[in-house]
Amino acid sequence: MLDMSTKVDPMTEIRTPKMAAKDVNVFYGDNHAVKGISLDLYRDEVTALIGPSGCGKSTFLRCLNRMNDTVATCRVEGNITLDGDDIYDPKIDVVQLRARVGMVFQKPNPFPKSIYDNIAYGPRIHGLARERADLDEIVATSLEKAGLWNEVKDRLDSPGTALSGGQQQRLCIARAIAVNPEVILMDEPCSALDPIATAKVEALIDELKGRYAIIIVTHSMQQAARISQKTAFFHMGDLVEHGDTTQIFTAPKEERTRDYITGRFG
Amino acid sequence: MTSAAIFLTLVLLAFIAFVTVRQRSLASVSGDTSKLHSLPRHYGYYAAVCALIPGLLIFFVWVITGKNIIEGLVISGLPDGLSAQYQEQASLVLNRIRLAVENPASSEKHPDILAAAQQFHALYVRGIWATFVLAVASGVGGLVFANYKTNPDFRARNSFERVLTILLILSSVIAIITTVGIVASLLFESLRFFQQVSVVDFVFGLHWSPQTALRADQVASAGAFGAVPLFTGTLLISLLAMMVAGPIGLMSAVYLTQYASARTRKIAKPVLEVLAGVPTVVYGFFAALTVAPFFRDLGEAIGVEIASESALAAGFVMGIMIIPFVSSLSDDAITAVPKSLKDGSLALGATRSETITNVILPAALPGIVGAFLLAISRAVGETMIVVMAAGMQPNLTANPFEAVTTVTVQIVALLTGDQEFDSAKTLSAFALGLALFLSTMVLNVFALRIVRKYREVYD
Numbered sequence: 001m002l003d004m005s006t007k008v009d010p011m012t013e014i015r016t017p018k019m020a021a022k023d024v025n026v027f028y029g030d031n032h033a034v035k036g037i038s039l040d041l042y043r044d045e046v047t048a049l050i051g052p053s054g055c056g057k058s059t060f061l062r063c064l065n066r067m068n069d070t071v072a073t074c075r076v077e078g079n080i081t082l083d084g085d086d087i088y089d090p091k092i093d094v095v096q097l098r099a100r101v102g103m104v105f106q107k108p109n110p111f112p113k114s115i116y117d118n119i120a121y122g123p124r125i126h127g128l129a130r131e132r133a134d135l136d137e138i139v140a141t142s143l144e145k146a147g148l149w150n151e152v153k154d155r156l157d158s159p160g161t162a163l164s165g166g167q168q169q170r171l172c173i174a175r176a177i178a179v180n181p182e183v184i185l186m187d188e189p190c191s192a193l194d195p196i197a198t199a200k201v202e203a204l205i206d207e208l209k210g211r212y213a214i215i216i217v218t219h220s221m222q223q224a225a226r227i228s229q230k231t232a233f234f235h236m237g238d239l240v241e242h243g244d245t246t247q248i249f250t251a252p253k254e255e256r257t258r259d260y261i262t263g264r265f266g
Numbered sequence: 267m268t269s270a271a272i273f274l275t276l277v278l279l280a281f282i283a284f285v286t287v288r289q290r291s292l293a294s295v296s297g298d299t300s301k302l303h304s305l306p307r308h309y310g311y312y313a314a315v316c317a318l319i320p321g322l323l324i325f326f327v328w329v330i331t332g333k334n335i336i337e338g339l340v341i342s343g344l345p346d347g348l349s350a351q352y353q354e355q356a357s358l359v360l361n362r363i364r365l366a367v368e369n370p371a372s373s374e375k376h377p378d379i380l381a382a383a384q385q386f387h388a389l390y391v392r393g394i395w396a397t398f399v400l401a402v403a404s405g406v407g408g409l410v411f412a413n414y415k416t417n418p419d420f421r422a423r424n425s426f427e428r429v430l431t432i433l434l435i436l437s438s439v440i441a442i443i444t445t446v447g448i449v450a451s452l453l454f455e456s457l458r459f460f461q462q463v464s465v466v467d468f469v470f471g472l473h474w475s476p477q478t479a480l481r482a483d484q485v486a487s488a489g490a491f492g493a494v495p496l497f498t499g500t501l502l503i504s505l506l507a508m509m510v511a512g513p514i515g516l517m518s519a520v521y522l523t524q525y526a527s528a529r530t531r532k533i534a535k536p537v538l539e540v541l542a543g544v545p546t547v548v549y550g551f552f553a554a555l556t557v558a559p560f561f562r563d564l565g566e567a568i569g570v571e572i573a574s575e576s577a578l579a580a581g582f583v584m585g586i587m588i589i590p591f592v593s594s595l596s597d598d599a600i601t602a603v604p605k606s607l608k609d610g611s612l613a614l615g616a617t618r619s620e621t622i623t624n625v626i627l628p629a630a631l632p633g634i635v636g637a638f639l640l641a642i643s644r645a646v647g648e649t650m651i652v653v654m655a656a657g658m659q660p661n662l663t664a665n666p667f668e669a670v671t672t673v674t675v676q677i678v679a680l681l682t683g684d685q686e687f688d689s690a691k692t693l694s695a696f697a698l699g700l701a702l703f704l705s706t707m708v709l710n711v712f713a714l715r716i717v718r719k720y721r722e723v724y725d
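First to last, the sequence lines map onto chains A and B.
Numbering follows my numbering, in which position 237 of the first sequence is assigned residue number 237; successive positions increment by one, without gaps.
To convert a position in the second sequence, counted from 1, into my numbering, add 266.
For reference, chain A alone in the conformation it holds in the complex (with noise of 0.2 angstroms):
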């Protein structure tokens, strides 16, 4: 079982993994999307996963809080961890994995439900309010961390669908953050996004960094650039090079990592 509790070591924070994959590979059916891929993905992070579509970066993503096994023909094979327990181990609660690593998508969906349910789903889910203050406070301070309090604060009951599409995935980070998670995964957030939006989430995620470990695919090396520690290239369901990203986008050491960076292909 995997213990909510988990305490690490602040001294061994840093070269402890949040979280390892070893050799995963990923087949849909005969495709094989995913090959023999290895990645540690630290706490106080972001790690960017870049690489043309089709790369397998989405797909590795899902892995992480097993949002594959929604795909009926999807097989994962290989070791994932998380705090070093396996969470592929047939005895853990896939309900409170996701809990632990929250999800964001590409597109904006926020549930037909008032800005105030979409938050405090989650928490009313797994309980973590007693009374209702408790749910209000949990609602508040969620929309704060992801800074749509002030502009949502007076409507909280008008339904989440209303808003605008940047404020609509910023409600979806909220949603996630909203359950305590330890690991934030986002799924090209921003490209449903114009760039005023763009950069308000991009503020965001740096705000958030840090306190969640966050692991982001997106399609636009400046955003990785702009907001990632480490950055991941995939090419056709292989690992390529990983590593900080400074010296990926500076001086990257393998030629297929060269020729996507500078545009050359993808």
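No lab work stands behind these hints: they were computed from the structure.
A portion of the hints provided could be inaccurate.
In silico contact screen, one side only, chain A against chain B (beta carbon under 7 angstroms); selected entries [said to hold, decoys possible]:
{"id": "1", "residue": "Ile92"}
{"id": "2", "residue": "Val95"}
{"id": "3", "residue": "Arg98"}
{"id": "4", "residue": "Met103"}
{"id": "5", "residue": "Lys107"}
{"id": "6", "residue": "Phe111"}
{"id": "7", "residue": "Pro112"}
{"id": "8", "residue": "Gly127"}
Note that the structure is predicted; figures quoted are calculated from it, not measured.
Beta carbons: idealized from backbone N, C-alpha and C, even for Gly.
Using the hints, position chain B against chain A.
Chain B alone, transformed into the frame defined by chain A:
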């Protein structure tokens, strides 16, 4: 010469027109089709249409009005004695003439009738030949016209397209006119009914007993036309049906969309929809011979008196019948909920059933409500099961263990057998029909509005 011969001649003519004009179009450019505006066959189609349509119109006019006109002519030519008799018993005289025409060896002896029959026959033969000549002449005319118009610049393709458009419009107009006709006939007969029985008595009366005296000297009840017991019976049975079909249909839809594997779904869904294909009369005897006795015995076992014809049996079987309506429409509504919402909920650590009750069903709710309303209007209009399983007694009761009757069953009862169409008893069927039509129409409009409103949300 028969009507069929006229029709076949016209078809033959159209075929000839197609072949000759197609050839002519080819000949006009000496075989080089690239110089033609349209393909050769389009010229052929156009010619066939020109040859066929006017002839067909003439043919239909003859089929619809021919006999009536001739009958009018024959009647007006009758000698005075018969003419006077005709004033009183028009249909009788006409029938004797018709019989004499169709069966020359009949026992008809009246010389005037025989003369009239001969005149009728002569006129009929003349009429049908006239129709034939006119139809063929117009067909040939059409052929010549199309032949004349055929040149490389003529846009036969577009013209033929226009003909097709008109044909399609005509088809939909026929459907609409039929509906209007049905409503109008209901309306007129109902108005005749309401001249004899007041609307208030009909709508608010608590007693239904439509037996009235046929002749003035008969002793019979005055008849009571209070439709309330019928509508409560309908309501009771529909409610019972929805109590069965609602949960079962909805839950099977949830299972099929959310839990079943693709293979199970591929098998189970069509099987479930077979239920909708079972004839209602089969459900009827299932209800009457299997379910009703079962409920009666069950009632005996637990000490409740359940009539062998009960609202419960009818409602239960009707519920089974409308399960596919509820499940397949709810299925559509649930499938239309975007997967991103489901993923969003799962990613927050919700279980599958939490996701279904908290996110998927609320999002699909308008569609599900629409499905329920459509199923109810189907249940309200159902007749056969109730006739066979719920009895004919207009009871004003909310007890599902008793026999009740519904609006549709009463309509059937009122209109089966020999009826005279001027008594309140018979006419009341039309009033019931109108009331039923109005209520199901309101339900349908309501349901469709809800379904449409919800479609806009996720498109």
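Comparing the hints with the structure gives:
1. Checking Ile92 of chain A against chain B: minimum C-beta separation of about 13 angstroms lies over 7 angstroms; hint violated.
2. Checking Val95 of chain A against chain B: minimum C-beta separation of about 5 angstroms stays under 7 angstroms; hint holds.
3. Look at Arg98 of chain A: its Cβ gets to within about 4 angstroms of chain B, closer than 7 angstroms, so that hint holds up.
4. The interface hint given for Met103 of chain A holds, since its Cβ lies 4 angstroms from the closest Cβ of chain B, which is under the 7 angstroms cut-off.
5. Annotation: interface hint on Lys107 of chain A holds; nearest CB of chain B at approximately 6 angstroms, less than 7 angstroms.
6. Below 7 angstroms, beta-carbon pairs count as interface contacts, and Phe111 of chain A has one with chain B at about 6 angstroms; its hint therefore holds.
7. Proximity of Pro112 of chain A to chain B holds as hinted, the smallest CB-CB distance being about 5 angstroms (cut-off 7 angstroms).
8. Interface restraint check for Gly127 of chain A: the shortest CB-CB distance to chain B comes to about 11 angstroms, outside 7 angstroms, so the restraint is violated.
Of the numbered hints given earlier, the model fails hints 1, 8; all others are met.
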